[in-house]
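S.K.: The chain contents come next:
There are 2 protein chains.
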Amino acid sequence: MSDDKIEKTPLVKEIPPKARDLSEWYQAVCYKAELVSLAPVRGCVVLRPYGFGLWERLQSELDRRFKETGHENAYFPLLIPESLLVREAEHVEGFAPEVAWVTEGGNEKLTERLAIRPTSEVVIGVMYAEWLQSYRDLPILINQWVNVMRWEKRTRPFLRTLEFLWQEGHTAHATEREAAEEVQRMLDIYRSVAQDIVGVPVYAGEKSESERFPGANHTFSIEALMPDGRALQAATSHELGQNFAKAYDIKFAAEDQTVQYAWTTSWGMSWRMLGALIMVHGDDRGLRIPPKMAPVEAVIVPIVRAGSDEVVAAARALLATLKGAGLRVKLDERDLRPGNKFSDWEMRGVPLRVELGAKDIEAGVATLVRRDKEKGEEGGKLVVPLAEVAARIAALLEDIQANLYREARAFLESHTLRPSDRSEFFERCRERAGMIDIPWCGLESCEAIVKAETSATTRVTRPLEGGESTCVACGEPAAMRAFFAQSY
Amino acid sequence: MSDDKIEKTPLVKEIPPKARDLSEWYQAVCYKAELVSLAPVRGCVVLRPYGFGLWERLQSELDRRFKETGHENAYFPLLIPESLLVREAEHVEGFAPEVAWVTEGGNEKLTERLAIRPTSEVVIGVMYAEWLQSYRDLPILINQWVNVMRWEKRTRPFLRTLEFLWQEGHTAHATEREAAEEVQRMLDIYRSVAQDIVGVPVYAGEKSESERFPGANHTFSIEALMPDGRALQAATSHELGQNFAKAYDIKFAAEDQTVQYAWTTSWGMSWRMLGALIMVHGDDRGLRIPPKMAPVEAVIVPIVRAGSDEVVAAARALLATLKGAGLRVKLDERDLRPGNKFSDWEMRGVPLRVELGAKDIEAGVATLVRRDKEKGEEGGKLVVPLAEVAARIAALLEDIQANLYREARAFLESHTLRPSDRSEFFERCRERAGMIDIPWCGLESCEAIVKAETSATTRVTRPLEGGESTCVACGEPAAMRAFFAQSY
Numbered sequence: 005m006s007d008d009k010i011e012k013t014p015l016v017k018e019i020p021p022k023a024r025d026l027s028e029w030y031q032a033v034c035y036k037a038e039l040v041s042l043a044p045v046r047g048c049v050v051l052r053p054y055g056f057g058l059w060e061r062l063q064s065e066l067d068r069r070f071k072e073t074g075h076e077n078a079y080f081p082l083l084i085p086e087s088l089l090v091r092e093a094e095h096v097e098g099f100a101p102e103v104a105w106v107t108e109g110g111n112e113k114l115t116e117r118l119a120i121r122p123t124s125e126v127v128i129g130v131m132y133a134e135w136l137q138s139y140r141d142l143p144i145l146i147n148q149w150v151n152v153m154r155w156e157k158r159t160r161p162f163l164r165t166l167e168f169l170w171q172e173g174h175t176a177h178a179t180e181r182e183a184a185e186e187v188q189r190m191l192d193i194y195r196s197v198a199q200d201i202v203g204v205p206v207y208a209g210e211k212s213e214s215e216r217f218p219g220a221n222h223t224f225s226i227e228a229l230m231p232d233g234r235a236l237q238a239a240t241s242h243e244l245g246q247n248f249a250k251a252y253d254i255k256f257a258a259e260d261q262t263v264q265y266a267w268t269t270s271w272g273m274s275w276r277m278l279g280a281l282i283m284v285h286g287d288d289r290g291l292r293i294p295p296k297m298a299p300v301e302a303v304i305v306p307i308v309r310a311g312s313d314e315v316v317a318a319a320r321a322l323l324a325t326l327k328g329a330g331l332r333v334k335l336d337e338r339d340l341r342p343g344n345k346f347s348d349w350e351m352r353g354v355p356l357r358v359e360l361g362a363k364d365i366e367a368g369v370a371t372l373v374r375r376d377k378e379k380g381e382e383g384g385k386l387v388v389p390l391a392e393v394a395a396r397i398a399a400l401l402e403d404i405q406a407n408l409y410r411e412a413r414a415f416l417e418s419h420t421l422r423p424s425d426r427s428e429f430f431e432r433c434r435e436r437a438g439m440i441d442i443p444w445c446g447l448e449s450c451e452a453i454v455k456a457e458t459s460a461t462t463r464v465t466r467p468l469e470g471g472e473s474t475c476v477a478c479g480e481p482a483a484m485r486a487f488f489a490q491s492y
Numbered sequence: 005m006s007d008d009k010i011e012k013t014p015l016v017k018e019i020p021p022k023a024r025d026l027s028e029w030y031q032a033v034c035y036k037a038e039l040v041s042l043a044p045v046r047g048c049v050v051l052r053p054y055g056f057g058l059w060e061r062l063q064s065e066l067d068r069r070f071k072e073t074g075h076e077n078a079y080f081p082l083l084i085p086e087s088l089l090v091r092e093a094e095h096v097e098g099f100a101p102e103v104a105w106v107t108e109g110g111n112e113k114l115t116e117r118l119a120i121r122p123t124s125e126v127v128i129g130v131m132y133a134e135w136l137q138s139y140r141d142l143p144i145l146i147n148q149w150v151n152v153m154r155w156e157k158r159t160r161p162f163l164r165t166l167e168f169l170w171q172e173g174h175t176a177h178a179t180e181r182e183a184a185e186e187v188q189r190m191l192d193i194y195r196s197v198a199q200d201i202v203g204v205p206v207y208a209g210e211k212s213e214s215e216r217f218p219g220a221n222h223t224f225s226i227e228a229l230m231p232d233g234r235a236l237q238a239a240t241s242h243e244l245g246q247n248f249a250k251a252y253d254i255k256f257a258a259e260d261q262t263v264q265y266a267w268t269t270s271w272g273m274s275w276r277m278l279g280a281l282i283m284v285h286g287d288d289r290g291l292r293i294p295p296k297m298a299p300v301e302a303v304i305v306p307i308v309r310a311g312s313d314e315v316v317a318a319a320r321a322l323l324a325t326l327k328g329a330g331l332r333v334k335l336d337e338r339d340l341r342p343g344n345k346f347s348d349w350e351m352r353g354v355p356l357r358v359e360l361g362a363k364d365i366e367a368g369v370a371t372l373v374r375r376d377k378e379k380g381e382e383g384g385k386l387v388v389p390l391a392e393v394a395a396r397i398a399a400l401l402e403d404i405q406a407n408l409y410r411e412a413r414a415f416l417e418s419h420t421l422r423p424s425d426r427s428e429f430f431e432r433c434r435e436r437a438g439m440i441d442i443p444w445c446g447l448e449s450c451e452a453i454v455k456a457e458t459s460a461t462t463r464v465t466r467p468l469e470g471g472e473s474t475c476v477a478c479g480e481p482a483a484m485r486a487f488f489a490q491s492y
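Protein sequence lines correspond, in order, to chains A and B. Per my numbering, residue 5 is the first one in the first sequence, and the count goes up by one each step. Per my numbering, residue 5 is the first one in the second sequence, and the count goes up by one each step.
Heads up, none of these hints are tricks.
In this list, chains with the same sequence are indistinguishable; a pair is considered to hold if it fits within one copy or across any two.
In silico BS3-like links for lysine-lysine, alpha-carbon gap of 27 Å or less: (1) K345 <-> K327; (2) K334 <-> K17; (3) K345 <-> K71; (4) K296 <-> K71; (5) K377 <-> K17.
Calculated directly from the structure, the hints in this document are not laboratory data.
Start from the sequences, fold in the hints, and give me the full structure.
M.R.: Next up, the structure:
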């Protein structure tokens with residue numbers, strides 16, 4: 005057995021109500037919908053095919069946007085020699101406590117420990133120093149899709165695991181302005197993918213100094229609000245200034261013949277975004293996946309009595325039609341009762357169910373059932389002529405995508421609070437009332453007091469809107485607006 | 005510094021002639037074409053954007069075929085507890101000497117060593133045991149695209165590195181026959197991708213016992229022939245029998261109510277395939293990439309005197325046209341002489357160059373230059389009306405793909421030898437004459453003698469064709485045919 009206790013994946017018979025205990029519901033859904041299993045190594049999960057299907061959707065949406073903005077993919081090594089890791093002082097201080105070390109290889113003890121990458125600024129910095137000669141080589145715009153490892157104590161599927169999958173972009177620029185623009189460009193891509201694809205509304209803004217990435221001058225993030233009133237940081241984008249360039253010697257001959265340090269950035273989104281999707285959209289029947297993220301947009305369930313070949317044949321024909329229309333569709337031909345199939349696909353959050361029985365075929369129709377509506381809710385069930393199914397599905401998927409986002413947006417807005425006095429502010433923070441939006445002094449000391457007394461931290465800040473004069477938390481002059489919340 | 009000497013990427017000014025020293029030429033091309041750099045950790049490389057572009061092409065071709073044959077992707081953890089790794093005796097014996105071990109995490113010494121996966125049969129076996137209940141759950145058809153690590157002494161880009169990228173498919177079946185069919189199906193996909201996409205002709209067949217995957221009952225592989233007469237194993241597909249099922253308890257309730265062990269398979273192709281592409285097709289000017297593998301199928305080089313806006317505008321219009329036609333095209337607008345651009349793109353092996361100058365535009369034409377032809381060779385340069393460029397490019401790319409394969413196939417065939425006596429056989433093996441095809445006894449003792457005296461090993465075997473009675477290597481009765489060769 006490994007060093008810490010290894011848990012087996014719990015067998016989930018039924019998921020508990022979401023409102024009773026979000027955390028319990030969340031883990032039950034992750035296992036029951038076959039997104040993940042607990043791995044036989046402490047704090048790690050297996051991303052099962054259905055969960056990986058979600059990840060592939062997210063990857064393809066992000067990757068396309070990265071490429072459209074001029075980025076290319078590459079692959080940098082997993083291991084980082086300790087002597088390299090320690091060169092950027094803040095960075096190593098931030099990450100060293102979470103590092104897993106390789107100390108033996110090929111039956112021999114290594115003379116230097118090798119870190120499994122917790123992130124790749126270091127090894128990428130070393131390579132950029134080798135590659136970069138002249139201003140003509142800039143900007144360098146590279147992304148990689150990789151596994152990283154952070155040795156965490158407590159873990160939870162998608163939200164925090166020792167090993168996780170993510171993408172990390174690393175760029176180098178000739179000027180601070182270009183680097184800053186890049187950081188905002190990528191933050192915008194994250195915001196747009198979170199909202200328009202994953203259907204999760206976010207607040208984007210700058211992190212306070214205490215929440216900054218180790219080694220960054222400015223860190224920006226997108227923050228989503230979970231149903232329990234806690235915030236979840238879903239992606240970050242960092243201005244690294246010339247800090248890494250100086251530590252790893254990333255220099256270039258500028259147009260004016262001087263030798264200058266490059267301005268670098270990094271930005272990342274991980275499978276954590278899937279955790280947000282699950283918590284924000286799920287309900288008591290399981291997942292509800294926004295169509296643009298759905299590995300299966302619609303599932304056809306034949307309503308068959310034993311040996312009804314005609315129904316199966318019609319279902320297969322419909323499958324071919326829908327696939328031909330470019331939809332991601334499955335036909336469920338398993339030897340199970342239709343009712344069991346219904347609840348199975350509901351658990352998996354497939355946006356649309358297409359029911360097809362002998363009577364439907366006689367009448368030349370199919371029944372479409374929306375996953376985003378409650379049972380019995382108006383518009384949740386539609387009987388549609390077979391010839392129109394493909395077109396109707398396409399339109400319904402758009403509507404479901406919009407509806408899930410609208411619901412989530414309404415929740416975020418109704419849980420964004422602007423307390424006007426100190427005690428109300430502290431109370432709201434303590435009770436996890438949502439995103440608590442106040443004029444803030446920007447002082448670390450003030451943030452530390454709020455955190456100690458309420459467990460809430462600043463999530464993102466933004467410029468004052470005008471008119472605010474004092475920090476609601478401490479009464480000092482306000483310097484910015486900040487969202488406070490307890491967080492994942 | 006790390007434990008072993010860390011080399012810096014050599015600066016390559018010119019590549020040597022390919023015929024002089026294949027190994028030297030190979031490494032020079034890998035660096036000069038910016039496929040890889042040496043990483044700051046011993047025995048690892050960075051796959052640079054252009055090299056990663058090749059990998060993405062290979063991935064997309066394989067992944068599509070895996071999905072078409074019913075496989076899904078997933079992700080299993082990087083680390084494997086030692087206590088799990090040791091359960092399949094042959095497997096651990098085969099891999100233990102090459103394992104890198106994590107022994108510290110989060111500033112603490114672990115009580116059990118964790119292996120970085122050299123391959124994932126073990127951790128996947130444990131999960132399949134958890135997931136599999138009934139025959140209805142079979143087959144399980146899963147693939148993963150991951151990094152793996154094998155602690156090698158000598159390394160070379162793509163061919164052998166401590167860390168490498170690959171895909172590994174792992175399947176479980178109810179019967180031995182189904183598992184055997186799966187293994188052949190995947191071997192066929194590898195053969196077809198190697199030949200039809202990468203343009204590398206291969207021999208496919210079964211490995212001898214001594215060359216088998218540790219823990220497999222049967223290992224099949226595809227073997228390509230490199231210009232120096234050495235074979236390169238480019239992918240493998242294994243029948244694991246019930247060995248892993250028994251070691252990791254992968255059982256199911258069969259249709260007849262009995263509890264049975266599953267029959268499992270695994271199969272993998274790595275970035276090694278790119279090494280074969282480079283060696284087989286490259287020439288003294290650098291890479292020659294088969295169009296289906298080319299990140300850039302055609303590059304437009306404007307032949308511009310300073311300030312020739314008209315040419316640049318025409319080149320950009322042509323770029324848009326060609327992109328619109330679905331081609332992977334680049335326009336090289338760098339501030340360099342056209343001649344330098346030509347050799348740069350030749351080095352990178354882009355199949356077609358499109359030259360466009362002021363006179364061409366006046367005449368309404370462009371000049372297409374094929375990378376697969378020698379300079380001055382007939383058909384290597386074509387002047388084409390601008391309106392026809394897109395269509396001509398598409399046709400030429402097909403022709404280049406076919407031509408590169410034809411060349412490589414001719415080399416393989418002319419270097420497949422059938423010596424009829426023992427001394428000729430040993431001589432051909434020793435001089436690396438190519439794939440040495442003989443009736444073979446199948447005995448390990450015979451194979452060991454050949455290896456000791458010539459460094460050649462069996463690559464793949466196949467059934468006798470009839471008529472052969474004795475092993476050319478030792479005179480014992482022949483049991484099969486075998487290709488012998490020295491190998492990478």
